[in-house]
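Protein chains: 2
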Amino acid sequence: MNISPKVPIPTLERLATYLRYLIDLEASSIDTISSTEVEKQTGINAAQFRKDLSYFGEFGKPGVGYNVVELQSRIARILQIDRDQSVIVLGAGNLGSALVGYPGLGEQHFNIVGVFDQSPKKIGQKIFHIEISDIARLKEINASLQARIAIIAVPAHAAQSVAESAADAGVRALLNFAPIILKVAEGVVVRNVSFLQELAVMSYQLALDIRR
Amino acid sequence: MNISPKVPIPTLERLATYLRYLIDLEASSIDTISSTEVEKQTGINAAQFRKDLSYFGEFGKPGVGYNVVELQSRIARILQIDRDQSVIVLGAGNLGSALVGYPGLGEQHFNIVGVFDQSPKKIGQKIFHIEISDIARLKEINASLQARIAIIAVPAHAAQSVAESAADAGVRALLNFAPIILKVAEGVVVRNVSFLQELAVMSYQLALDIRR
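Chains as they are written, first to last, in this note's numbering: chain A, 1 to 212; chain B, 1 to 212.
Mixed in with the good hints, there may be bad ones.
It does not matter which identical chain is meant; a pair holds if it fits inside one copy or across any two.
Within a straight-line C-alpha distance of at most 20 Å, the following computed EDC-like cross-link-like pairs (lysine to aspartate or glutamate) qualify [as the list claims (entries may be wrong)]:
hint: 1; residue 1: Lys51; residue 2: Asp209
hint: 2; residue 1: Lys126; residue 2: Glu186
hint: 3; residue 1: Lys183; residue 2: Glu37
hint: 4; residue 1: Lys61; residue 2: Glu26
hint: 5; residue 1: Lys51; residue 2: Asp168
hint: 6; residue 1: Lys126; residue 2: Asp168
hint: 7; residue 1: Lys61; residue 2: Glu13
hint: 8; residue 1: Lys126; residue 2: Glu37
hint: 9; residue 1: Lys51; residue 2: Glu37
hint: 10; residue 1: Lys126; residue 2: Glu70
hint: 11; residue 1: Lys183; residue 2: Glu26
Just so you know, these hints were derived from the structure itself, not from any lab. The model shown is predicted, which means the values in this text are computed figures rather than measured ones.
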C-alpha cells in the first residue's frame with residue numbers, strides 16, 4: 001500500500017464519503033459504478049473523485065468503471081479501517097453512552113474497549129457490556145488497553161484536562177465532541193465533531209432563504 | 001445586519017469557531033483580544049479572521065483589538081443564534097436521547113420542541129420533559145410545532161425516508177447524524193455530522209505517524 005504524507009485531508013474526508021456510498025451500493029447489490037454515477041450520488045465531481053483515488057494507484061477500468069467491492073476494500077485498507085482498532089470513550093454521560101451503543105463504530109472496526117468517567121455514581125456501572133472506569137486511573141488502565149484513539153464526550157469545561165490525561169496515557173488521536181478548541185501536544189491529532197457549528201451554519205442558510 | 005448570499009460556507013464555519021472561542025474568553029473574564037491572539041488560540045490565521053469578519057462590516061479598533069462581548073453578540077446575530085429556533089429530533093434512540101439532553105443546544109437557542117420515533121414501545125414515553133411522538137404523525141404535529149430544523153438520529157437504513165417526511169412536514173434544514181448521503185429537494189439544506197468519517201481520517205493520520 002502506498003501511504004504518502006502528501007495526501008490532503010479533504011481527500012481523506014472524501015474517501016470516507018466514497019466508502020459510505022460504496023457500502024450502500026453493495027447493500028443494493030450493485031457491482032460496478034462510473035465516476036459520473038459517483039458524482040450524481042455524492043455531489044463530489046467525477047474529476048475530483050478520480051484525482052482523489054490517483055493518490056493511491058490505479059483504480060477502475062476505462063469503459064467499465066469501478067468494481068464496488070474492490071474499491072470499497074481498497075479504500076478501507078487505505079484508511080486503515082479494515083483492521084481492529086481499540087478506542088476508549090471519555091465521559092459516560094448521555095453522549096458517551098450513545099457512542100458505546102452505536103453500531104456504526106464496530107462496522108468500521110473501531111472497538112470500544114473502555115469507558116471512563118469521574119463520577120463515583122457511574123464508576124463500576126456498565127454501559128452495554130463495558131464497565132465504566134475511574135478516569136483518574138486512565139493512564140494505568142490504558143497501559144494494558146493500549147488504545148491510541150479516544151473519543152472525548154465530557155462537558156466543555158472538563159475537555160481540556162481530559163485531553164491532556166489522554167495524551168499522557170498514550171492516546172494519539174482525539175475525536176472531540178466538546179464545543180471547545182483543544183490544545184494538544186505535537187504528535188497528537190484532534191478532529192472535532194462540531195454539530196453546534198453545523199447547526200449555526202444551517203441557521204444562517206435558513207435566514208438567507210427567508211430573505212430571498 | 002448585512003446578510004449576503006456570497007459569504008462562503010467555510011467562513012460561516014469559522015465564525016462558529018470564533019464564537020465558541022469568544023464564549024470561552026468571556027467565561028475567563030477577558031475583555032479584549034487581538035487577531036494574533038485568535039490565531040494562536042484557534043489555529044485560524046489572523047488575516048483569515050479579519051477577512052471573515054469583513055463580510056459583515058466593521059469590527060474591532062486598530063491598536064486596541066476586538067471587544068469580546070461585542071464580537072460575540074455580533075457573530076451570534078449574524079448566525080441567527082441570538083434568537084430562539086425550534087428544532088425537532090427524529091429518532092429517539094441513544095443518540096436522539098443524548099441530543100435532547102445536550103445543554104449546548106439550548107445555550108445557542110436551539111430549542112428542542114419535539115422528538116419522534118416509529119417504535120410503539122417509545123411513543124408516549126418521555127425523554128427529559130419531551131414526550132416522544134409517532135413519526136407517522138410528523139406532518140400533522142409539525143404543522144403546530146412549526147420547526148424548520150430537524151436533527152436526524154435514526155439508523156442509516158431509515159434516514160432517507162425520514163428526511164423526506166421531514167421535508168414534507170415543512171422542515172428546511174436537516175442535521176444528519178446517519179452515515180448516509182441524503183438526497184433532498186431543492187430548498188432543503190443538509191449538513192452531515194460524520195464522526196465515522198472523522199475517525200477514518202484520524203485512523204489514516206495515525207498510521208502515517210507510525211511509519212514516519
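If the cut is 20 Å between Cα atoms, do Lys126 and Glu70 qualify within a copy, between copies, both or neither?
Intra 39 Å, inter 45 Å, cutoff 20 Å: neither.
Under a CA distance limit of 20 Å, which applies to Lys183 and Glu26: within one copy, between copies, both, or neither?
Intra 40 Å, inter 18 Å, cutoff 20 Å: inter-copy only.
At most 20 Å between C-alpha atoms: does Lys51 with Glu37 qualify within a copy, between copies, both, or neither?
So Lys51 and Glu37 pass the 20 Å test inside one copy only (15 Å; across, 37 Å).
First find the shortest C-alpha distance between Lys183 and Glu37 inside one copy, then the shortest across copies, and answer within, between, both or neither for a cut-off of 20 Å.
between (41 Å within a copy, 14 Å between copies)
Taking 20 Å as the upper bound on the Cα-Cα distance, should Lys126 and Glu37 be classified as within, between, both, or neither?
neither (45 Å within a copy, 43 Å between copies)
Within, between, both or neither: Lys51, Asp168 at alpha-carbon 20 Å
Answer is neither; intra-copy 38 Å and inter-copy 37 Å both fail.
Give the relationship of Lys126 and Glu186 under a CA distance limit of 20 Å: within one copy only, between copies only, both, or neither.
Answer is neither; intra-copy 34 Å and inter-copy 45 Å both fail.
Can you tell me if Lys61 and Glu26 fall within 20 Å by alpha carbon in one copy, between copies, both or neither?
within (18 Å within a copy, 57 Å between copies)
I want to check one pair: Lys61 and Glu13. Are their C-alpha atoms no more than 20 Å apart within a copy, between two copies, both, or neither?
Neither. Shortest intra-copy (24 Å) and inter-copy (38 Å) distances fail the 20 Å Cα cut-off.
Same-copy or cross-copy closeness of Lys126 to Asp168 [CA-CA at most 20 Å]
neither (25 Å within a copy, 40 Å between copies)
Intra/inter-copy verdict for Lys51 and Asp209 if alpha-carbon distance must be at most 20 Å
neither (34 Å within a copy, 24 Å between copies)
In the structure shown, a violation is registered for the earlier hints numbered 1, 2, 5, 6, 7, 8 and 10, in ascending order.
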